[in-house]
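From first to last, the protein sequence lines stand for chains A and B.
Position one of the first sequence corresponds to residue 1 (the numbering used here), numbered consecutively onward.
Position one of the second sequence corresponds to residue 1 (the numbering used here), numbered consecutively onward.
It should be emphasised that the hints constitute simulated quantities derived from the structure, not laboratory data.
Check before you lean on any hint, since a few could be wrong.
Covered stretches of chain A (chain B as the covering partner; in silico rule of three or more C-beta atoms under 8 Å from a C-beta of chain B) [said to hold, decoys possible]:
| # | stretch |
| --- | --- |
| 1 | 119-132 |
| 2 | 199-209 |
As a list, the in silico DSS-like pairs of lysine-lysine whose alpha-carbon atoms are at most 27 Å apart [said to hold, decoys possible]:
| # | chain 1 | residue 1 | chain 2 | residue 2 |
| --- | --- | --- | --- | --- |
| 3 | B | K110 | A | K174 |
| 4 | A | K197 | B | K197 |
| 5 | B | K188 | B | K174 |
| 6 | A | K197 | A | K174 |
All C-beta atoms, glycine included, are put in the ideal place defined by N, C-alpha and C.
Protein chains: 2
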Amino acid sequence: MTQSENSNFIVADDHPLFREALIHAIHNCVPGAVIHEADSLGSLYEVVEAHPDADLLFLDLHMPGVSGFSALAYMRNNHESLPTVVVSAVDDPSVIRRAIQHGASGFIPKSSPIRTIEAAIDAILQGEVWLPDNIDLGAEGLDSEEARIATAMSALTPHQFRVLMMLGEGLLNKQIAYQLGVSEATIKAHVTAILRKMQVTNRTQAVLAVQRLNTKEPGLLVE
Amino acid sequence: MTQSENSNFIVADDHPLFREALIHAIHNCVPGAVIHEADSLGSLYEVVEAHPDADLLFLDLHMPGVSGFSALAYMRNNHESLPTVVVSAVDDPSVIRRAIQHGASGFIPKSSPIRTIEAAIDAILQGEVWLPDNIDLGAEGLDSEEARIATAMSALTPHQFRVLMMLGEGLLNKQIAYQLGVSEATIKAHVTAILRKMQVTNRTQAVLAVQRLNTKEPGLLVE
DNA sequence: GTTGCCATTAGCCAAAAGTCGAATCCGAGC
DNA sequence: GCTCGGATTCGACTTTTGGCTAATGGCAAC
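Let the sequences and hints guide you as you build the complete structure.
Put into structure tokens, the structure is as follows:
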């Protein structure tokens with residue numbers, strides 16, 4: 001019961017059932033809340049654009065069109081005034097830690113009991129950063145390479161970001177153009193811009209960079 | 001003290017210090033053991049070829065040239081008679097589970113005390129599958145997509161496999177050709193063969209497939 | 001309004017990627 | 001020795017990428 005003067009929330013999750021459950025929980029916390037839904041990267045764009053005044057975004061890490069921290073990184077750097085809570089089925093401590101480091105205002109595991117979820121929503125609306133129990137954020141900062149990629153990626157325009165995600169599916173320029181309903185020349189222009197901003201020289205490297213922001217653990221490369 | 005009639009072992013790890021420690025432990029278990037070392041994918045090929053009669057391979061999951069289960073999958077399907085023990089700094093239960101499912105004869109976390117490592121070596125030489133304590137293999141089989149990729153990958157020839165790993169580093173055909181000392185046309189031919197065997201249509205998709213065999217958790221895609 | 005950024009497209013070009021067919025090499029088996 | 005099949009190699013050819021320029025329209029800030 002935090003505020004009720006027409007609070008605006010956005011729930012982005014591709015699982016209708018869970019979306020509904022979450023919305024229900026939100027209504028319990030904020031009776032008069034207005035809630036907008038998104039079930040994919042595309043609809044998230046639309047909803048965020050249509051409601052730039054939203055108070056809070058509940059973001060799933062896995063939706064059609066995006067996977068991992070890409071969307072979170074992008075959101076945090078392009079809509080700074082919109083706090084984002086990550087809602088995810090993965091509740092690995094390192095994933096939680098990384099979500100917070102990427103700017104999330106909280107992390108709600110999907111496996112949480114409703115009571116807990118409601119407590120989380122309340123806490124976050126109070127401005128707290130809510131985390132599951134037993135989570136030690138630890139001192140270790142974000143992998144510097146990962147941070148660099150996140151920053152580079154948030155410099156992308158919405159279209160570019162979307163194209164990048166599609167590159168990450170192994171699609172051809174031609175296929176991307178068709179799916180987005182624009183000419184291949186446009187996609188090429190976007191890709192060129194993406195490569196420049198990401199500081200890589202070809203699409204494969206761009207895709208590899210995106211992979212580093214997946215929910216899986218970071219590089220653990222040579223050490 | 002299991003056997004000592006000229007046992008042959010291969011230790012593949014890019015960390016000299018740890019390699020030495022492991023060799024020392026092996027000698028403690030098998031006094032007269034002959035040990036061959038590899039510190040990269042390239043040298044692993046050479047050593048395995050030079051000693052096809054080896055009794056056991058200790059394989060690190062992260063070496064220059066390979067990362068994740070790729071090398072394990074390849075080894076298991078191309079040198080079936082050579083049992084392979086995974087030695088890794090990552091000791092996540094799911095990683096251990098997947099290593100076994102990819103055919104490893106055991107899993108030794110690098111963090112183990114020497115005593116434990118020696119016990120593990122002994123056990124494995126007796127033909128047992130050794131695992132760290134508290135590991136429940138569980139019933140869940142390998143992600144079917146992951147299994148498909150592993151199978152496809154083990155159908156690759158050594159050269160093709162190597163090229164695939166280099167694709168996974170975002171290298172150009174030209175760079176791969178230079179590093180392997182052959183013409184670009186050769187690499188292109190390899191790549192074409194790789195794409196066919198992996199059932200993908202371009203290098204980006206091949207790289208994405210390889211990524212699925214990384215130490216990180218499997219897909220957890222749409223669900 | 002003007003300025004600037006973004007998105008869109010075309011056209012051109014060089015480089016890279018990918019396909020095909022063919023020559024060569026090499027080990028297993030006869 | 002010989003043959004056979006697969007691996008490796010490569011050149012020629014087509015398609016895809018990616019860089020560059022330039023022009024258009026929309027939108028937001030100044």
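Structure versus earlier hints - violations, ascending order: As far as the earlier hints go, 1, 3 and 4 are violated by this structure, in ascending order.
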